[in-house]
Each structure stands twice: as structure tokens, then as C-alpha cells.
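Q: So the chains spell out like this:
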Amino acid sequence: MTEATNGNDVALRIRGLNAGFRMSDGYLPIIEDVSLEVRKGEVLGIIGESGSGKTVTGMAILHLLPENAETKWETFDFLDLDVTGMDEEAFRDLRGNRMAVVFQDPTGAFNPAKKVGWHFHQVFERTAVKSPDHAQRAKGWRDAAIDLMRDVGIAHGENVLGQYPHQLSGGMLQRALIALVLAFEPDLILADEPTTNLDNIVERQILNLFRDLQKRLDSAFVFITHDMTIAAALCDRIAVMYAGRIVELGKTKEIFDDPKHPYTQGLLATALALEEKSGERLQEIPGELPHPGNLPPGCVFAPRCPHVFKRCEAERPPLFHLPGREVRCLLYEDDDVAGR
Amino acid sequence: MGFIWYLIIRLGGALVTIAIGAVFVFILMQLIPGDPAIAALGENATDENVAAFRRVHGLDQPLPVQFWIWLTGIVQGDFGTSITLAQGYPVWDLMVQRLPNTLFIAVYALLIAVVIAFFAGSIAALRQGKMSDTAATSASVLGISMPDFWLSYVLILVFSLGLGVLPAFGFTSPMVSFSGALVNGALPAFAIAAPMAGVFARILRAALLETKRRDYVTAARSFGFRDTFVYMHYIFRNALIPFVTVIGVQVRYLVGGTVIIERIFGIAGLGSMMVDGAFGRDYAVVQACMLAFLVFVLGVNLIVDIICAFLDPRRTH
Numbered sequence: 001m002t003e004a005t006n007g008n009d010v011a012l013r014i015r016g017l018n019a020g021f022r023m024s025d026g027y028l029p030i031i032e033d034v035s036l037e038v039r040k041g042e043v044l045g046i047i048g049e050s051g052s053g054k055t056v057t058g059m060a061i062l063h064l065l066p067e068n069a070e071t072k073w074e075t076f077d078f079l080d081l082d083v084t085g086m087d088e089e090a091f092r093d094l095r096g097n098r099m100a101v102v103f104q105d106p107t108g109a110f111n112p113a114k115k116v117g118w119h120f121h122q123v124f125e126r127t128a129v130k131s132p133d134h135a136q137r138a139k140g141w142r143d144a145a146i147d148l149m150r151d152v153g154i155a156h157g158e159n160v161l162g163q164y165p166h167q168l169s170g171g172m173l174q175r176a177l178i179a180l181v182l183a184f185e186p187d188l189i190l191a192d193e194p195t196t197n198l199d200n201i202v203e204r205q206i207l208n209l210f211r212d213l214q215k216r217l218d219s220a221f222v223f224i225t226h227d228m229t230i231a232a233a234l235c236d237r238i239a240v241m242y243a244g245r246i247v248e249l250g251k252t253k254e255i256f257d258d259p260k261h262p263y264t265q266g267l268l269a270t271a272l273a274l275e276e277k278s279g280e281r282l283q284e285i286p287g288e289l290p291h292p293g294n295l296p297p298g299c300v301f302a303p304r305c306p307h308v309f310k311r312c313e314a315e316r317p318p319l320f321h322l323p324g325r326e327v328r329c330l331l332y333e334d335d336d337v338a339g340r
Numbered sequence: 001m002g003f004i005w006y007l008i009i010r011l012g013g014a015l016v017t018i019a020i021g022a023v024f025v026f027i028l029m030q031l032i033p034g035d036p037a038i039a040a041l042g043e044n045a046t047d048e049n050v051a052a053f054r055r056v057h058g059l060d061q062p063l064p065v066q067f068w069i070w071l072t073g074i075v076q077g078d079f080g081t082s083i084t085l086a087q088g089y090p091v092w093d094l095m096v097q098r099l100p101n102t103l104f105i106a107v108y109a110l111l112i113a114v115v116i117a118f119f120a121g122s123i124a125a126l127r128q129g130k131m132s133d134t135a136a137t138s139a140s141v142l143g144i145s146m147p148d149f150w151l152s153y154v155l156i157l158v159f160s161l162g163l164g165v166l167p168a169f170g171f172t173s174p175m176v177s178f179s180g181a182l183v184n185g186a187l188p189a190f191a192i193a194a195p196m197a198g199v200f201a202r203i204l205r206a207a208l209l210e211t212k213r214r215d216y217v218t219a220a221r222s223f224g225f226r227d228t229f230v231y232m233h234y235i236f237r238n239a240l241i242p243f244v245t246v247i248g249v250q251v252r253y254l255v256g257g258t259v260i261i262e263r264i265f266g267i268a269g270l271g272s273m274m275v276d277g278a279f280g281r282d283y284a285v286v287q288a289c290m291l292a293f294l295v296f297v298l299g300v301n302l303i304v305d306i307i308c309a310f311l312d313p314r315r316t317h
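Top to bottom, those sequences are chains A and B.
Be aware that the first sequence starts at 1, since it is given in my numbering, and climbs by one per residue.
Be aware that the second sequence starts at 1, since it is given in my numbering, and climbs by one per residue.
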């Protein structure tokens with residue numbers, strides 16, 4: 001936090017994001033008090049198991065949650081814009097050209113009634129407002145699309161343009177989707193588990209592609225994943241989410257070397273056991289993720305925490321600011337440097 | 001390439017269906033009690049007269065022979081001769097006079113239903129849960145639940161007897177005056193269209209709402225495309241596929257509708273001819289009408305399937 005606030009290289013800054021859904025039986029809160037920052041050229045990983053609220057966080061940032069969603073922000077700065085109370089039409093204009101998403105399921109991201117080429121054509125048309133150069137490029141969108149596809153490892157882009165999405169493999173579609181996102185040259189790229197639906201070999205290729213892109217581009221990346229090894233390989237910093245809250249946030253290496261939050265510790269132990277493939281029984285965190293409508297009264301992780309003590313079951317811990325680290329756990333109350 | 005094959009297979013299937021349909025139509029007519037000779041000559045006809053009548057019209061032949069004569073005639077374009085309805089007239093000539101009327105009313109009704117459904121379904125889906133949605137959805141239920149013959153009389157009561165703007169009886173053939181057919185056909189076409197419009201609107205609403213939740217719609221919004229663009233090219237475009245499919249399924253109700261409605265509004269069409277023919281035991285007339293309806297339903301279904309194949313590349317590619 002201290003490092004980020006000085007320059008204007010911060011691409012995205014969120015403070016106090018709350019989001020939930022209006023259901024038939026009342027309001028269901030999903031995420032609470034999420035705060036994060038991403039700088040240009042940096043990769044922030046959001047890690048958590050399914051149901052932890054990481055995708056809701058990502059979709060909330062792009063204003064892409066379903067109609068029954070409600071979001072509240074204390075601060076939402078994007079580049080030099082304060083978009084906290086921006087109207088939807090103005091925000092729509094930011095999507096695509098300034099911020100874009102690579103989705104988990106590439107097959108579902110394409111219009112099944114249109115050829116892949118149609119998608120490129122429309123996207124290049126959309127970028128035409130960015131500059132006269134972009135407008136020029138939109139006219140020759142076929143060549144530009146083929147060039148972009150070559151960049152993401154599609155050798156015969158000219159064939160792909162003439163095909164319908166259902167005629168292509170998941171890996172090919174994910175590359176094509178990444179090429180579409182790259183056509184926008186966005187300042188923020190959000191990738192929501194972009195390799196989960198792909199087989200292992202393709203997953204490795206796509207991850208390499210991301211690593212390559214991240215070196216080449218000046219964009220800020222938010223990489224949502226449940227996989228600790230992917231996070232370790234790609235992310236500069238990571239935010240660990242549990243039951244709709246960020247429980248720990250810091251530099252990737254520091255978190256891996258010295259996880260503070262008991263949940264992070266458990267997650268790392270499980271990942272490590274998986275990696276070593278030791279014959280022993282897999283070390284798991286006992287218990288399961290609480291349902292968002294039925295959270296424990298105190299710390300949300302208290303029922304599963306090996307270090308739980310009395311106060312944990314009564315108090316919702318705030319985020320404590322340690323040097324270079326943020327942790328939502330009462331164990332670190334005394335280490336708080338921000339002083340709350 | 002794939003499409004040509006698809007078309008050949010579909011056309012072949014339609015031909016087989018027509019052939020099987022012809023057998024059923026023929027058997028069905030024989031199962032109906034009553035004798036064409038009695039219907040034509042009256043209750044007091046002498047046995048000799050009846051026997052002579054049966055001999056002249058080939059009714060004394062064994063059934064398979066009668067069927068064979070009828071079938072080979074159809075293949076050569078001869079649908080036989082009317083024996084009671086219009087004695088001595090070739091059935092084909094009767095059909096040619098009446099077919100345009102029925103086709104006109106059927107297509108008119110179909111268009112009304114599709115246009116109403118297009119607006120009602122779209123408004124309901126776009127404004128889901130709001131007043132206009134409730135209004136459109138309620139109107140659909142009303143349309144589905146009103147029997148077409150009842151609605152016909154209500155329409156006559158309001159528009160003919162009450163407001164006096166549209167005729168209650170009689171019809172101008174579209175071959176004579178197209179605008180006249182449009183005006184005179186408005187009430188019968190609407191009576192047939194109402195229940196179909198209700199079904200179509202509900203299907204379109206459901207399809208639009210279902211499509212709206214698809215991932216590709218979120219992806220389209222993530223590209224920053226305008227709402228109208230996303231609606232037209234993603235939501236509406238993909239919801240059109242189930243919508244058009246249902247139109248094909250519902251076309252059979254058009255046939256049932258014309259049979260009743262043509263009687264009520266006094267339209268000289270195939271439907272009313274079929275009813276008259278059935279009362280007169282005029283086998284050739286009824287069989288020809290039923291075949292015509294079968295061809296019509298299959299034809300519309302084929303057209304619908306071809307449109308669907310164009311709308312949904314997953315079917316042909």
C-alpha cells in the first residue's frame with residue numbers, strides 16, 4: 001500500500017468492495033471489504049477455492065455481474081479515473097478498450113451463430129475509436145487478426161477466421177479469445193481461471209503464453225486461480241480469498257516462504273503435499289467453506305482454524321497491515337503497523 | 001455440400017411421409033360409416049340405382065384396387081372426380097379455386113402471430129418482472145386459452161356488429177383483390193393467430209431470457225459492445241433458433257384453425273370443402289384436401305428447418 005500510492009503507475013485501486021445478490025428469499029452477501037491494487041506491468045493473483053468469491057470480485061470490477069447483483073465501493077480508481085459512481089454507459093465504454101477479460105470457458109465466450117472472423121471484425125471495429133491508427137487497422141482487420149493470432153501461437157489464422165466456434169478445440173478458442181483481448185490493448189487484463197477447462201499440455205502452453213504476454217505488455221494483470229503452483233509461477237503478488245474476504249495479501253515469494261494466515265498455511269501445505277505426491281494421506285484443511293448466507297459470527301475461518309481462540313468466534317477481524325503484508329487474523333493484531 | 005445433402009435427406013423424408021399419409025387418409029375414409037351412393041341419391045334410391053352409381057364411380061371394386069386407382073391418378077396429377085359435392089367435377093379444379101383462399105388465410109394468420117409474438121415476447125423479456133412483462137405474459141395466456149371459434153364470434157360482435165369496420169361473412173379471393181382479401185381476411189386470420197401468438201410469445205420470452213444468461217453474452221459485454229448490439233447479434237440472434245423451431249411445430253394448429261374458421265366466416269377454402277365433403281361422403285374430395293394439408297404442414301416444416309439450418313451453423317457445419 002505504501003509503495004503503490006506514490007506514483008501514478010497504479011492501474012486499479014479498490015477499497016471496501018462489497019457485493020451480493022438479491023435472491024427470492026432476501027439479500028445474499030458474497031464478498032465483503034475487498035481492497036486491492038494492481039500496478040501497470042504487474043500480475044496480481046487472486047487465489048481461493050470455488051465459492052470463495054474470487055470470480056464475483058473479478059466480475060464486479062468489470063461491472064459484469066448479473067442484474068440481481070448489488071455492489072458497493074468506498075473507492076474504485078481506474079488509471080487516472082475515479083469510476084466509483086460512474087454511470088453504466090460511460091463504464092461500458094471502458095470495457096474492452098481499457099479493461100478486458102479472458103474467461104474460464106472459451107467455448108462459451110464465443111457467439112455460436114457467428115464465425116470467429118466476425119468476432120475479430122467487431123472487436124477491431126470497437127477499437128477504432130481509440131486513435132486514427134486503430135481506425136486504420138480496423139479497416140484491414142483480417143491481416144491484423146492473423147498477425148495477432150500468430151502472436152498467440154495460432155499458425156493458420158486465416159483458416160480460423162472462417163470457422164465457427166464449435167469447429168475449434170478449447171485450446172484454440174482460448175488462444176483466439178486471448179488474441180481478441182490483445183486486440184484491445186487494454187490497460188487491465190483480467191484472466192478468470194483461463195486454463196481450468198483445458199487439458200494439461202494445452203494448459204502449460206497457455207500459461208507460457210500469459211507469462212510471455214506479461215513480459216511484453218505494460219498492462220496490469222489480475223489472474224484468478226485456485227491453483228497455487230500457477231499463482232507461484234505467474235504472479236508478482238497474491239491475494240488469498242476465503243468466504244468472500246481477502247485473508248492475506250502480499251508478494252508471492254514472501255507469502256510462499258512465510259504464510260501468515262492459518263488458511264494460507266493450510267492451502268500451501270495441501271499444495272505442497274500434492275506436488276510431492278507423497279504416499280501419505282493428503283493433508284487437507286478439515287471442514288468446509290461456509291455458505292455465504294450462513295457465515296460464522298466471528299472470523300469466517302474460525303471453525304476450521306487450528307489456532308482458533310476465544311475471541312475468533314466473536315470478532316470479525318479487520319485487515320492488519322504488516323510490513324509488506326496484509327493479514328485478516330487476530331494473531332497479528334500486535335504486529336499491525338497502520339494502527340487501526 | 002453439407003447443406004445440399006441435408007436438403008436431399010429432408011425432401012426424401014417428406015416424400016415418404018406423404019406416401020404413408022396417403023395410405024392412412026384412404027383407410028380413414030373407408031372407416032367412416034355411410035355410403036356415398038345414399039348421400040348422392042338420397043334415402044329412397046332403388047337398389048339398381050345404387051348399384052349403378054357404385055359401378056360408375058368404381059366403388060364396387062375391391063379396396064386395394066380402389067386405392068391403386070386413386071394413387072396412380074394422384075401421381076399423374078389426377079385427384080379423381082367429385083361424386084356428391086359437385087358431381088362430375090374434377091377434384092383438382094375444385095382445389096385450385098379454393099387453395100389460394102386457405103393458403104392466404106393460413107399465411108396471414110401465421111404472419112400476424114409471428115409479428116405479435118415478436119413484440120410481446122421481446123418486450124416481456126427486456127422488461128422482465130416489470131408491468132409490461134406482466135401485461136404481455138397475461139395477454140399470451142389469454143390468447144392461448146381462448147377457443148378460436150369463440151374468439152371468432154367475439155370479434156364479429158365487436159368489429160362487425162359493434163364498430164362495423166370489418167365484414168362478418170364472405171371473403172374476397174386474393175386472386176381477385178389482394179387488398180380486399182387483406183380486409184376481409186383480417187378477423188378470421190386474427191382468430192386463428194391469437195392462440196399461436198400466445199404460444200410464440202411465451203417461447204420467445206423464455207428463449208430470450210435463457211440466452212441472456214449465456215456466457216457469450218457476458219463475454220460480449222466484456223468487449224464493451226453496446227446493449228442494442230449485444231441484444232440483436234447475441235441474444236435475439238440465438239433465441240431465434242428455438243423460436244423458429246416452435247413455429248414449425250405449431251403450424252399443424254393452423255390447419256385445424258382454418259377448418260373451423262372457414263365455416264364461421266363463410267370462406268370458400270379447403271377447410272370448409274373438406275367438412276362438406278366429409279358430410280357428403282365424397283371420398284376423393286376429402287382425401288385430396290387431407291393430402292393438401294399434409295403437404296402444407298410438411299412444406300412449412302421443411303422451410304422452418306431450412307431457416308433453422310441457416311440460423312444455427314452447428315446443424316450443418
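Take these hints with a grain of salt, some might be off.
[To be verified] Pairwise CB distance ranges, derived in the manner of DEER restraints:
hint: 1; chain 1: A; residue 1: Pro66; chain 2: B; residue 2: Val158; range: 19 to 27 angstroms
hint: 2; chain 1: A; residue 1: Thr229; chain 2: B; residue 2: Arg315; range: 40 to 48 angstroms
hint: 3; chain 1: A; residue 1: Gln167; chain 2: B; residue 2: Phe178; range: 39 to 47 angstroms
hint: 4; chain 1: A; residue 1: Asp93; chain 2: B; residue 2: Met131; range: 38 to 46 angstroms
hint: 5; chain 1: B; residue 1: Phe178; chain 2: A; residue 2: Glu89; range: 39 to 47 angstroms
hint: 6; chain 1: A; residue 1: Arg204; chain 2: B; residue 2: Thr17; range: 52 to 60 angstroms
hint: 7; chain 1: B; residue 1: Thr17; chain 2: A; residue 2: His166; range: 27 to 35 angstroms
hint: 8; chain 1: B; residue 1: Val249; chain 2: A; residue 2: Asp93; range: 37 to 45 angstroms
Rather than coming from a laboratory, the hints here were simulated on the basis of the structure.
Please read these numbers as outputs of a predicted model, since none were measured by experiment.
Built from N, CA and C at the ideal position, the CB exists for glycine as well.
Q: Which numbered hints are broken by the structure, listed smallest first?
A: 1, 4
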